[in-house]
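Q: The chain contents come next:
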Amino acid sequence: MKYILLLSVVLLSACTTPVHYPADILSSEVFDELPNWYDDRLGLQLQGNNQYPSAPHGVLLQQADLAFAQNNLQNCQIYLERAQRIATRDASIYVRLSYLYWLQEKPTQALQTARRALSVVGQDELAKKEIQRLIASIKQN
Amino acid sequence: MKKVDDSKFKRYLGWFIKLSLVGLVIFTVLMAYLDAKVRDKFEGKRWALPAKVFARPMELYSGLALKPKYLIQELEQIGYQRVPNVQTPGQYMVYGNEIDIYRRYVRLYDGEEAAARIHIRFDSSAISGLWVDGAPTEIARLEPLLIGGIYPKHNEDRQLIQLEDAPDLLLNTLVAVEDRDFYNHWGISPKGIARALMVNMQKGGLVQGGSTLTQQLVKNFFLTRERSLQRKAIEALMALLVEFHYDKNEILEAYLNEVYLGQSGRRAVHGFGLASQFYFGKHIRNLTAPEIATLVGMVKGPSLYNPKRKPENAIARRNVVLGVMQEQSLITPYEYKAWSMRDLDVVQYSQYQRIEYPAFLDLVRRQLRRDYQENDLTSEGLRIYTSLDPIIQRSAEQAVKKRLDDIERDYKLEANGLQGAMVVASTESGEVEAVVGDRNPRYFGFNRALDAKRSIGSLAKPAVYLTALRGDQYNFVTPIDDGPIKVAGANGQVWEPQNYDHKSHGIVPLYQAMAKSFNQATARLGLNVGLSNVVSTFGDLGVERKLPAYPSIVLGAFELSPFNVAQMYQTIAASGFKTPLKAIRAVTTSEGDLLSRYGYEVKQTIKTEPAYLIQKAMQQVVKIGTARFLNSQFDESLNLAGKTGTSDSQRDSWFTGFSGDKLAVVWVGRDDNKTMPITGSGGALRIWAHTFKDLPLKPLFPLPTENIVEHWVDLETGAISQENCPGVMKFPFINGKTPVETTDCQSKPGKAWWSKLFGE
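Taken in sequence, the protein lines are chains P and B.
Anchor point for the first sequence: position 97 equals 97 in our numbering, and the numbering is continuous, going up by one each time.
Anchor point for the second sequence: position 709 equals 1709 in our numbering, and the numbering is continuous, going up by one each time.
None of these hints come from the bench; they were simulated from the model.
Glycine included, each C-beta is placed from N, C-alpha and C at the ideal position.
Just to be clear, a hint being listed does not mean it is correct.
[Stated by the list, open to error] Anything over 12 Å on all C-beta distances counts as not near chain B; from chain P, calculated:
| # | residue |
| --- | --- |
| 1 | Asn49 |
| 2 | Asn50 |
| 3 | Asp65 |
| 4 | Gln77 |
| 5 | Glu81 |
| 6 | Arg133 |
| 7 | Lys139 |
| 8 | Asn141 |
[To be verified] Footprint (simulated), chain B over chain P, 3 or more residues, beta carbon under 8 Å:
| # | stretch |
| --- | --- |
| 9 | 85-91 |
| 10 | 112-123 |
Taking the hints into account, I'd like the entire structure generated from these sequences.
A: Here it is in structure tokens:
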């Protein structure tokens, strides 16, 4: 009986195939494109590499980051939403939006948006951990 | 005798003095009242300015899937003129696969876009290169299409201008034609009245009015169109008061903004500012002399001399005005001669001769009412920026109309008996991009997209299957019995659903039952997973209506509007993340100051794994199920997902489908709720296909997580097998909810329910 069970497990693992991730979230460089934002009020340093995608929405992300640096949160959000309409599955957009919501004292919305980021992050483990850290920090507060 | 006369005289005199005193008091009170009225109007807010509603501004960037014809359509709609050589803002030219646009300056809620030359290069169906003022650029925006207004009850629309905006030629012509003594009189012109009297006596009727511009303004501002001596007298008194308080320039500026200059549907065009845009597609300061003559000529009779509706009258009247201009030396005899020969050159399409989108505007208005008073919307000149995509809207309108016409012709039904509605939204942002509420899309009336509550039929099924996949008992290959089923109701009634083909299909795997839309299997599944759980899933998907936990809800025996259905399916299309559908992005004041913004909001209501599976199941509906028609219409690589729905006795035909970026819900039915000879596939599905056939869609890739695993399953036994074995198919599962049985290629147990599905 033990052997049959063992055989079943071996068989099962042999015929399990890795799931196919969609092409638009396959990139393993998600972490590189996460922002490295920090704001005293939250005390959480996002640790992305803050690189911009070469895709058209990269320009909008740059403008969003500039607005964030100038503490113009409204404009920052507007740029991010424009970027989101172009690249609906870019995790870095949702991470930024989540941080913004958190800053604007909307923790529920921040949490939900971070979860959205997690759902589109794909297979980049570093990025996944960073988003999970963001989620944990929002929950803690 | 003399004494008697004296006393009579004194008595009459006494009466006269008393009456005069009373008259004086009445006159003084009247003047005080009129004075207050005049000052109140002039010093307060003079005009109720309707809110202006704009579509989304088109974003241009390299890689954007956009056919040149759609960009040209958009440019034409926003009033750009196609020219051989682009020279000024508002023009564009096309050569080969390139388009050159001179964008106008535009102020949006999130900033300004300067006037600039935008150069676009296309490959077969996408933008391959973009330059702004000669420099390569990543992204550029066009100005948004004005799609309508929220008017006060009187439907007046205007674009306010200042006196400095108006060309001198316009002012001089207006004064020369309407009131030559304007700068000399005090509000009324005895000379003008005498001249009018003479002309009217000569012609034997009322041909010419003696009203000054001030009187005309007073009449439009304060009085009715009634023709009576009393009204004329009040008009004259008020004109005097206006002249007493305000200088000529203020009066002229008010006149320029107030005067009525024609009708555009239900909207009344007021003022030279809006009229110059409406008739000539240009700012008032850019009007040419013959255009000025046309507009000034319209003052006398806006309907009679309307250049769009009665061009011959308008040309004749314009030439009369040009004659006056020449007589007053405002133009030369040569110019008079040359311009009298010209066409009117009114624009056919302009921002201000807009196509209105009543169903979408209705949605905008309802969403605005949450934050704004009706009075603010109709009087403050607010600017409302929405998410409407005119390209998709137009395609949806055409598709609804064409398919309904075709069905009526093919089935020999009475014309215009069928109705349709459609809602298109972005799957991720929840922004509504198109709404059709009637087969006549210009109809301002019952908005079926929002208000037609209809039985949703099989569109309810994904919620049932989702409920099953959220639990622990079910996966894609769990066998479900599609045999006959009877459920006893509380009042002794028996609910006995049947399949569309009136056949039972025995034991079928779960995914197949959904793809083929089997009613009996779904009813049984719904009862097994628990009706309260199904109701709860509907709630999580965004159905706000409290549904009764009756067995028949699993087959959609309850009513929702197409908009409600779109909300429900948006959650599925966005992998379990519900985003409230919204039509508005932002509202600003008339000066452009941001009042409110409606940003991205999201809430995960369904876990990613079951959402992934239900998307996969809905892809099967398109691949092998009731929506396979889409396979013949769209590239397979789009991986479209969808669900057809047909309510009891074919009273409603539904389809909802989504790609990676767009979700659309279509309903077809009759207002009298009579049956139709079509199902969801024959009606609504075709409209969906027609709408998106020529539009770019992004492929749909359901989002997996590490908790999703895939296994090859032996179709005969339902057991986990291996890739190279015969008769296997790969299925996704949530980790821990995989089939328990395993098999290899050699050892196959006897035939199972799979054989019935796929044959021997």
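Q: Next step is simple, just say for each hint if it's right about the structure.
A: For each hint, the structure was consulted:
1. The claim that Asn49 of chain P is not at the interface with chain B holds, since no C-beta of that chain comes within 12 Å of its own (minimum 20 Å).
2. With a closest Cβ-Cβ approach of about 18 Å to chain B, Asn50 of chain P is found to remain outside the 12 Å limit, as its non-interface label requires.
3. Against chain B, the non-interface label of Asp65 of chain P holds: every CB pair exceeds 12 Å, the least being about 15 Å.
4. For Gln77 of chain P, the non-interface assignment is contradicted: its Cβ lies about 6 Å from the closest Cβ of chain B, within the 12 Å cut-off.
5. Remark: the non-interface label on Glu81 of chain P conflicts with the geometry, its nearest Cβ contact in chain B lying 6 Å away (cut-off 12 Å).
6. For Arg133 of chain P, the non-interface assignment is confirmed: its Cβ lies about 18 Å from the closest Cβ of chain B, beyond the 12 Å cut-off.
7. Every beta carbon of chain B lies more than 12 Å from that of Lys139 of chain P, the smallest distance being close to 14 Å; the non-interface claim holds.
8. The Cβ of Asn141 of chain P sits about 19 Å from the closest Cβ of chain B, beyond the 12 Å cut-off, so the non-interface label holds.
9. Counting residues of the stretch 85-91 of chain P whose beta carbon lies closer than 8 Å to any beta carbon of chain B gives 4, which meets the minimum of three for the stated coverage.
10. Chain B is given as covering the stretch 112-123 of chain P, and this holds because 6 residues of the stretch bring a CB closer than 8 Å to a CB of that chain, at least three being needed.
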